[in-house]
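Participant: Numbering follows the numbering used here, in which position 146 of the sequence shown is assigned residue number 147; successive positions increment by one, without gaps.
Rather than coming from a laboratory, the hints here were simulated on the basis of the structure.
Any given hint could turn out to be false.
Distance windows between CB atoms, simulated [as the list claims (entries may be wrong)]:
| no. | residue 1 | residue 2 | range |
| --- | --- | --- | --- |
| 1 | 58 | 205 | 31 to 37 Å |
| 2 | 43 | 85 | 17 to 23 Å |
| 3 | 116 | 273 | 53 to 59 Å |
| 4 | 132 | 43 | 19 to 25 Å |
| 5 | 92 | 58 | 48 to 54 Å |
| 6 | 97 | 54 | 31 to 37 Å |
| 7 | 225 | 53 | 30 to 36 Å |
| 8 | 226 | 132 | 32 to 38 Å |
| 9 | 126 | 201 | 19 to 25 Å |
| 10 | 215 | 257 | 53 to 59 Å |
Here a beta-carbon is modelled for each residue, glycine too, at the ideal position from N, C-alpha and C.
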Amino acid sequence: MLIALGANATVTVAKLAGGLASGSAALLAEAGHSVADTVNQLFLLVSIALAAREPTPEQPFGYGRTRFLWTFMAAVAMFLAGATFAIGYGAYRLASNTESGGYLAAYIALGIALLAEGGSLIRAVRQTRREADRAELPLVKHVRESRDPNVKMVLFEDTAALLGIVLAFAGVLAGQLTGSPVFDPAASIAIGLLLVTVAAWMGHDTSQLLVGAAARPAERAAIERTLTEFDQIEGVVDLLTMVLGPNSLLVAARVDFASGLGDEDIEQASEAIDRRLRGVVPDVTEVFLDATTAPQR
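When you get a sec, could you build the whole thing from the sequences and use the hints?
Facilitator: Spelled out as structure tokens, the structure:
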């Protein structure tokens, strides 16, 4: 993440300098894009520190969901950068019919940005691929199912940044070749729409985790299968799960214990179930069992 933060800060300066020197609306929109990415990385760093706090009586399940809250705020920041600046400024330049120049400065800035963002994306893909291999999942499925905001934000921000550079380059080049002042601000608007799309996807994905999403279907199936493997349990009446953080999952199950079990038998079985569930699904951190059969004293 620190590498991505450094790359974003470097690229921001390069794009801003190139945009001011050339007057390119697309480059200035990309500068705004990089500012949003840098702020988002700072949000993630803050969220990691806040989420690491120990549980308190007021927050008995810890602060894991803080990561989702700050990621949602980062999505809002990206949306604002795209909707208010990139699209708005592009529309203004399109209406004012202002021509840009200084193409050499624009190309130099885009070249620097391409190297920095490309290197950051390669490192992000390699790290994500290693995590996917450890989870024994294909890369795309791991990214889609991961609850870690860092995995998705860094990867998709870098991908969107490269697409933004391509759009800016196309707008600047088309404007230089044709002499038309339309292509550069049109590229700025396209960059803004790209940012809005990525921000909307991030916001929707994070909002589900923020309000208390359930475990993934494969995790739920593994939990239910594990419960039914115990001889002391005749059936699972109800199974509820809730995400407490990127690597924290609550399990609450109403189970039908076999008749004739004593208090000590149920207590021992509950402890064994707790240990087994944490082993089968490593993200399980809280287990609550509700017995539906009254124990025999």
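Participant: Which hint numbers doesn't this structure obey?
Facilitator: 6, 8, 10
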